[in-house]
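Colleague: Construct all of the structure, not just a fragment, from the sequences and the given hints.
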Amino acid sequence: MKDHKHIEWLHEELPGLVADSTVPAEVAERLRRRYGPVPAGGGKRWAVLIFGILGAALIGAGVILLVAHNWDDLGRPVRTTLAFAPLVLAIALGGWVLARRRDSATWCEGAATFWALTIGATISLVAQIYQISGDTARFFLTWILLGLPIVYLLRSSVAASLYFIGATAWVGCYAGHRQQMTSLWYWGLLALALPHLATLWRGERHGWRASLTGWVLAVCLCIGTGAAFENAMPGAWIGAYTGILALMYLAGVRWFGDAPTLWQRPWQTTGALGLGVVALMLTYLWPWEHIHDTDWHRTMMLGNLLAALLPVSAIIMAGREARVAGWTELDRVMVGLAPLCGVIGYALATTRDWGAFAQAIFNVYLFVLGLGTLIAGFRGNRLGRVNAGLLALSALLVARFFDSDLSFLARGVAFIVVGAGFLVTNVVMLRRKAAVPA
Amino acid sequence: MKLRWVMFAFVLVAAAQVAAPVAMIRQRAATLRNGRTYKFRTRPVDPVDPFRGRYVRLWFEQDHAPWSGTELERGVTGYARVEENADGFAIVRAVSPEPPKQGDFFKVQVNYAGYGTNAGTAYFQMPFDRFYLEETKAPVAERVYGKNNRRGQSNSNTFALVRIQNGDAALVDLYVGGKPIAESLKTH
Numbered sequence: 172m173k174d175h176k177h178i179e180w181l182h183e184e185l186p187g188l189v190a191d192s193t194v195p196a197e198v199a200e201r202l203r204r205r206y207g208p209v210p211a212g213g214g215k216r217w218a219v220l221i222f223g224i225l226g227a228a229l230i231g232a233g234v235i236l237l238v239a240h241n242w243d244d245l246g247r248p249v250r251t252t253l254a255f256a257p258l259v260l261a262i263a264l265g266g267w268v269l270a271r272r273r274d275s276a277t278w279c280e281g282a283a284t285f286w287a288l289t290i291g292a293t294i295s296l297v298a299q300i301y302q303i304s305g306d307t308a309r310f311f312l313t314w315i316l317l318g319l320p321i322v323y324l325l326r327s328s329v330a331a332s333l334y335f336i337g338a339t340a341w342v343g344c345y346a347g348h349r350q351q352m353t354s355l356w357y358w359g360l361l362a363l364a365l366p367h368l369a370t371l372w373r374g375e376r377h378g379w380r381a382s383l384t385g386w387v388l389a390v391c392l393c394i395g396t397g398a399a400f401e402n403a404m405p406g407a408w409i410g411a412y413t414g415i416l417a418l419m420y421l422a423g424v425r426w427f428g429d430a431p432t433l434w435q436r437p438w439q440t441t442g443a444l445g446l447g448v449v450a451l452m453l454t455y456l457w458p459w460e461h462i463h464d465t466d467w468h469r470t471m472m473l474g475n476l477l478a479a480l481l482p483v484s485a486i487i488m489a490g491r492e493a494r495v496a497g498w499t500e501l502d503r504v505m506v507g508l509a510p511l512c513g514v515i516g517y518a519l520a521t522t523r524d525w526g527a528f529a530q531a532i533f534n535v536y537l538f539v540l541g542l543g544t545l546i547a548g549f550r551g552n553r554l555g556r557v558n559a560g561l562l563a564l565s566a567l568l569v570a571r572f573f574d575s576d577l578s579f580l581a582r583g584v585a586f587i588v589v590g591a592g593f594l595v596t597n598v599v600m601l602r603r604k605a606a607v608p609a
Numbered sequence: 274m275k276l277r278w279v280m281f282a283f284v285l286v287a288a289a290q291v292a293a294p295v296a297m298i299r300q301r302a303a304t305l306r307n308g309r310t311y312k313f314r315t316r317p318v319d320p321v322d323p324f325r326g327r328y329v330r331l332w333f334e335q336d337h338a339p340w341s342g343t344e345l346e347r348g349v350t351g352y353a354r355v356e357e358n359a360d361g362f363a364i365v366r367a368v369s370p371e372p373p374k375q376g377d378f379f380k381v382q383v384n385y386a387g388y389g390t391n392a393g394t395a396y397f398q399m400p401f402d403r404f405y406l407e408e409t410k411a412p413v414a415e416r417v418y419g420k421n422n423r424r425g426q427s428n429s430n431t432f433a434l435v436r437i438q439n440g441d442a443a444l445v446d447l448y449v450g451g452k453p454i455a456e457s458l459k460t461h
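Note that the protein sequences, when read in sequence, are chains A and B.
With my numbering applied, the first sequence corresponds to residues 172 to 609, in that order.
With my numbering applied, the second sequence corresponds to residues 274 to 461, in that order.
Read the hints as simulated data drawn from the structure, not as lab findings.
In this text, a Cβ means the ideal position worked out from N, Cα and C, and glycines have one as well.
Derived CB-CB ranges, DEER-like: (1) B:A292 to A:V249: 20 to 26 Å; (2) A:W426 to B:L276: 30 to 36 Å; (3) B:T310 to A:R272: 51 to 57 Å; (4) A:M352 to B:V295: 27 to 33 Å; (5) B:E456 to A:L236: 25 to 31 Å; (6) A:L236 to B:N307: 33 to 39 Å; (7) B:N307 to A:G397: 43 to 49 Å; (8) B:V295 to A:L456: 52 to 58 Å; (9) A:G359 to B:Q398: 22 to 28 Å.
From the derived model, a few chain B residues whose C-beta atoms are all more than 12 Å from chain A: (10) R309; (11) Q335; (12) P339; (13) G342; (14) R354; (15) E357; (16) D360; (17) F362; (18) R366; (19) S369; (20) G376; (21) T390; (22) A392; (23) T394.
Modeller: Now the structure itself:
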């Protein structure tokens, strides 16, 4: 891996290694040639990029606040001109960057951030000047649709991230409303940005753009999925969430499994964390109650079908993974079981009113998930995975101990056992790692 | 992609981005110029009732009317048919799922459906429930507005002046104590 930090470290270490005869001088020289000189200004380039984006965002926000003061004394025409000024400026800057600085990531991302923000600023200022109350959903929709081309023109991942956040805010406006099909368009809106993501994934899968958009989209999906299926059957979220989170995890492991850092693994991290939380929720009875009296005619068929598509695709993908997965990849199979349990539980709770049975399934599932992850971690000698398994097991234990009538003595002993389990496992794992020759 | 095509796309995008707010202004400016004027009586509010940031939140007496469609649900879009009452104030006669063929109307979103003795009544959100003001003037405006809009107090002099045309309703001014709010603020 030709990483800036590692090469710098190597160059710092080599003289010492040669001095104490650990490495012969000619080997040191060969290593220097092999890895080349320390790339100049790597850190500086990053700083310029980050501060460029941050600066653009701050200026954009500042302009919004400045004009939002609503200078009453200036009169409507002057205020309208002022409202358009930031947008026109941003368009001009965008045009200049396109013509002259198309290859500079700093210029493209900075200009795109400023440009995307000023669209929202101008629309809201015009609304303020002309006393247009408008509805928030429409405002977000207009903003993101007008801003979407910036993603492609300037190939900007910050603008794409803002687009995902805007789309999620838009669908969030429908929470609690009966808008029939409207909220389902969330998936269509997200799909409009897919070509940009596909380009990133094909080019630099582990680059900062793919990671940034990955994290933003993964978190947005965790929020937006529920709102998008607002009008589907009661309890449709069980299948939808277990399905989409399992898909995120499986896709992450499959296509981003070789990513060196946590920052570069947004899909499997969000998928695993989200699935843990959802599975834990489903070990309670409340999600399974009141979903048996489904009134099919009052819900939208397309929403139900789409909500069902998510767990079904996740189950199919997990089935394919199961055929090739060994003991160290047991977690993939375990994760794939979540939507299957969700679908079975849902069927039992709706057709037979067996909510308690569905609850029991998820108690067993979370236990098996924790144990499976633990075993996979042990086999693969991966401390993170071992701790994730332990975390799932203890979350289940804590949840059950708080809603059971066991004595304080029994609970106390159980907590001490779990705590000791954590410590012992970590010590054993660390020793095993240390014993393995580097 | 060739630069020529990129620049062509850029010009289209820029035009659309400028055109969207211009379209907002065009429709609103036409209503402000040619729309029929109505006076909407504001409903008594609690003096501590929200004032968010830089606008005065307005509550109206005429925020509900009989629903003339079949299925009444929260979130559905309706069209409020408006007329002038004998005392010169606006009254919403009915809310229908389709725009009425005659008379003035404006688009609303149903907040909730009435029940019990109010069954069949649509409670909706007015499309002109915010009056934007300069940051420093807004808190004073809220106090003045609240003072003239207390419960049990006659509020015939406190109303929102609205122009309506082709389903678009534009808030022209807020009258407090019979005077535009900007004038009322000068005396406070």
